[in-house]
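K.L.:
The primary structure of each chain is shown beneath.
Number of protein chains: 2
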Amino acid sequence: MDLAASPLLTDLYQLNMIQAYLEHGETETAVFEFFVRRLPDRRGFLIAAGLEQALDFLEDLRFSPEDLDWLAKSGRFGTGLLDCLADMRFTGDVHAMPEGTVFFDNEPILRVTAPLPQAQLVETRLINILHFQSLIAAKAARMVLCAPGKLLVDFGLRRAHGAEAGVLAGRASYIAGFAGTATMLAGKLFGIPIYGTMAHSFIQAYDDETAAFEAFARSRPDNLILLIDTYDTEVAARKVVALAPRLDAAGIKIRGVRLDSGDLIALSKSVRRILDEGGLGEVAIFASGGIDEQEMTAMAQQGAPIDGFGIGTSLTTSFDVPALDCAYKLQEYAELPRRKRSAGKATWPGRKQVWRQYDSNGRMCRDILSIESDTHAGEPLIQPVMKDGRRLQPRSTLAEIRARAARGLQQLPEPLRRLEPGARYRVEVTDALVQLAAEVDRRLAGQQRTQP
Amino acid sequence: MDLAASPLLTDLYQLNMIQAYLEHGETETAVFEFFVRRLPDRRGFLIAAGLEQALDFLEDLRFSPEDLDWLAKSGRFGTGLLDCLADMRFTGDVHAMPEGTVFFDNEPILRVTAPLPQAQLVETRLINILHFQSLIAAKAARMVLCAPGKLLVDFGLRRAHGAEAGVLAGRASYIAGFAGTATMLAGKLFGIPIYGTMAHSFIQAYDDETAAFEAFARSRPDNLILLIDTYDTEVAARKVVALAPRLDAAGIKIRGVRLDSGDLIALSKSVRRILDEGGLGEVAIFASGGIDEQEMTAMAQQGAPIDGFGIGTSLTTSFDVPALDCAYKLQEYAELPRRKRSAGKATWPGRKQVWRQYDSNGRMCRDILSIESDTHAGEPLIQPVMKDGRRLQPRSTLAEIRARAARGLQQLPEPLRRLEPGARYRVEVTDALVQLAAEVDRRLAGQQRTQP
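Chains as they are written, first to last, in my numbering: chain A, 3 to 454; chain B, 3 to 454.
One or more hints might be untrue.
If several chains are the same, the list does not tell them apart, and a pair holds so long as it fits within one copy or across any two.
Said to hold, decoys possible - Derived EDC-like pairs (lysine to aspartate or glutamate); straight-line CA-CA distance at most 20 Å: (1) Lys152 <-> Glu441; (2) Lys347 <-> Glu422; (3) Lys389 <-> Asp209; (4) Lys190 <-> Glu381; (5) Lys271 <-> Glu30; (6) Lys190 <-> Asp4; (7) Lys75 <-> Glu236; (8) Lys75 <-> Asp234; (9) Lys271 <-> Glu25; (10) Lys152 <-> Glu25; (11) Lys190 <-> Glu68; (12) Lys190 <-> Glu422; (13) Lys389 <-> Asp234; (14) Lys75 <-> Glu337; (15) Lys255 <-> Glu430; (16) Lys255 <-> Glu422; (17) Lys271 <-> Asp95; (18) Lys152 <-> Asp209; (19) Lys75 <-> Asp107; (20) Lys347 <-> Asp265; (21) Lys255 <-> Asp89; (22) Lys347 <-> Asp234; (23) Lys347 <-> Asp250; (24) Lys271 <-> Glu381; (25) Lys347 <-> Asp209.
Hints in this document: simulated from the structure, not taken from any laboratory.
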């Protein structure tokens, strides 16, 4: 079964509500927007990612006979709902920020306009897709910013939260500027460059470390990177120096060594010295093993001669901030703007647009959150991407998305590029939108009856 | 495509190493063990979970013609490797702790005994499966321990890291003692009880909150739970009181109300009072909205009259500790014990067994980590589960696994049941295992040549 496309990637309450909507004729057009309420303190910006998978999910939405049979046998639902689900296809419109776009608090990155039951059904999976990839792209971008010129590779499938997370983390980190991933399936599905070295088990299977290096080198001579921390890193570096002439005679060039444990700053310096003194100045040093953006920054500050990093857990789980405060909220129904007013979770009603303004240096200086139909100065970020359930454009290539993210990172104001953001970005809500919210509140106040 | 079963859920370096193993005839029997090196400070114990999915992966392991074609076209691999992968099935043995078993630092919960290329190929996905479910089961168990008698339901698919994480978090939390999940697909795949209420969008689609409550109640009268925080929680509670007689006349009983925002302690008390004064003493109060085990503890201490919790993000991302320091390491190859000695990551060599001892009250008091073939007092936790690539027993039912976890939680020493564990559990390494490690070190020292 293709888990990723299952329409049962939804919460029971969505189906409960759809049945009630159907019974009460509440099937008019609904507008939902997905946004992050407030960025975490340690995130100065986010990067929109996951739209292609979200559109795939919408285009492919259908209940299989087996799904319908299971739902019927559950005894929970009436035939009205089951018939509706049997025929359900996504026939709505989608507007979105293109993938790779930098975004901020309260800015919708996706809007769904569809009959209420459809728009409700897909809530859970759309959040699931957009939240995770945007989370990982933002985390990866922090690493990209703090390690300019370094080769960054995703090593994180093993501790990612399941198969899909592992594969999509490869995609999201590549969007944000990583060079590639170690995950074969991410390479196959998305055409992302794949990287790989060797593991401790290979060394251990031989007892003699030099014999292991040589066996590996002769079998995998291209892009040869030797792992040198299995027993004693500096001793192993000297073995690499001793082995190099023999490999050279066989036409095999050592591209690099990898450190995976210990004091990486001190070891990288001593290994660099050993390699240089041994005539291996061209051999690069790669590091891995629980590295995050704080450590990369410390390494750079202390002059660790490390040329590239394999980043695993900290990237693919977004370890310091493993989730964002995001939501997919009803903003309009049956042509009336709507608004949730729950404490700390109030939303801006209606369909919205985000206008991005730049200073004279081309840096982002403020965004304007407006009613969609209003016009403001700046670059409108939200564009139509799906009409009547069909994509309006061909799929974006990852190269295009990656280039957009790279431009966004260049255009970030300096304080937001820091690991501890020095400021929050200005997202101004227009007067018209504030007034619209007040109108919704007045309409609700008129219709609410405390004692019905 | 069934992402979960893809043999390409592996790292490039595994394939690089396999090619080298094949070329050098390193295809003898290897023994790898999966374990957590050191429990996080905020975890007094972990719960083994994911074994069924791990065994499924091993039983189903095969490369499709499409996979092989893609690998061949990549130009990275020789025909020797491609032929090997085309025929590759998992033919090895697996020993494991049964799912639901409580475990601690350095204790293997899974051992693979197989020809080296097979055992190497499956490393990445086995870690990916076992790590995530064990992580979530442990997180869920903390919540179960701090909220005795409360109904706990997984609400976390939307912010889980992808589809598989969402579904498997439902499974892992049910193992640990949750009552069920909101995720439909987890209900379908695993037979877990599913729970659902209603969302803010339903209320918003009506403007009039009472009209929304009544419409929902008439369509979904069973297990009726009304969401009352969309506009003003206390006002909505009074509307529920006013509506109840009309629903009662139609034979509809309100089971509960749900709070999802604001000061849940204060609101639960005021809502309880409103409901009780309105003759709705039987109506339960459920809470959701960013709740974790710390908050549940605070609510209990302050006497918040909450009967159940919907737990989302904190559960399905294991927010405070989103990853464990785990590994799958080569412990024996070609009948010789092996050992990694990297700084901070040294491993105990050879095949191992864990013996659990209990005090006179039936509480766990210490575990002994021994060489597999030795015998010690206590309950041996690691059992054979797969032989020659086939399961030895029928699948465990979730009910059995859940019962095992419940027993484990009852048997935990008191300090480990606390949210901030008061002590670390004693895992004693036997003298024989310490000696074996020293022998491995001596053998390696004899064979290593610093200047080859």
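K.L.:
When no copy is named, should Lys271 and Asp95 be tagged within, between, both, or neither for a Cα gap of at most 20 Å?
P.N.:
neither (56 Å within a copy, 43 Å between copies)
K.L.:
Please sort Lys152 with Glu441 into within, between, both or neither, judging by C-alpha distance up to 20 Å.
P.N.:
Neither. Shortest intra-copy (52 Å) and inter-copy (41 Å) distances fail the 20 Å Cα cut-off.
K.L.:
If the cut is 20 Å between Cα atoms, do Lys389 and Asp234 qualify within a copy, between copies, both or neither?
P.N.:
Classified as neither; 60 Å inside a copy, 37 Å across copies.
K.L.:
One pair to classify: Lys255 and Asp89, alpha carbons no more than 20 Å apart. Within, between, both, or neither?
P.N.:
Result: close neither inside a copy nor across copies, 61 Å intra and 32 Å inter.
K.L.:
Reference check for the pair Lys255 and Glu430, CA-CA at most 20 Å: within, between, both, or neither?
P.N.:
neither (56 Å within a copy, 46 Å between copies)
K.L.:
Given identical chains, is Lys190 near Glu422, meaning Cα to Cα at most 20 Å, within a copy, between copies, both, or neither?
P.N.:
neither (36 Å within a copy, 44 Å between copies)
K.L.:
Measure nothing new, just compare the shortest in-copy and cross-copy C-alpha distances for Lys152 and Glu25 to 20 Å and report within, between, both or neither.
P.N.:
neither (59 Å within a copy, 33 Å between copies)
K.L.:
For Lys255 and Glu422, with the copy left unspecified, which applies at a CA distance of at most 20 Å: within, between, both, or neither?
P.N.:
neither (41 Å within a copy, 52 Å between copies)
K.L.:
Between the shortest in-copy and the shortest cross-copy C-alpha distance, which are at most 20 Å for Lys190 and Asp4: within, between, both, or neither?
P.N.:
both (17 Å within a copy, 14 Å between copies)
K.L.:
One pair to classify: Lys75 and Asp234, alpha carbons no more than 20 Å apart. Within, between, both, or neither?
P.N.:
neither (62 Å within a copy, 38 Å between copies)
K.L.:
Taking 20 Å as the upper bound on the Cα-Cα distance, should Lys389 and Asp209 be classified as within, between, both, or neither?
P.N.:
neither (62 Å within a copy, 28 Å between copies)
K.L.:
Cα distance capped at 20 Å. Does Lys190 pair with Glu68 within a copy, between copies, both, or neither?
P.N.:
Only across copies: Lys190 and Glu68 sit 10 Å apart there, 29 Å inside one copy, limit 20 Å.
Violated hints for the displayed structure, listed by number in ascending order: 1, 2, 3, 4, 5, 7, 8, 9, 10, 12, 13, 14, 15, 16, 17, 18, 19, 21, 23, 24.
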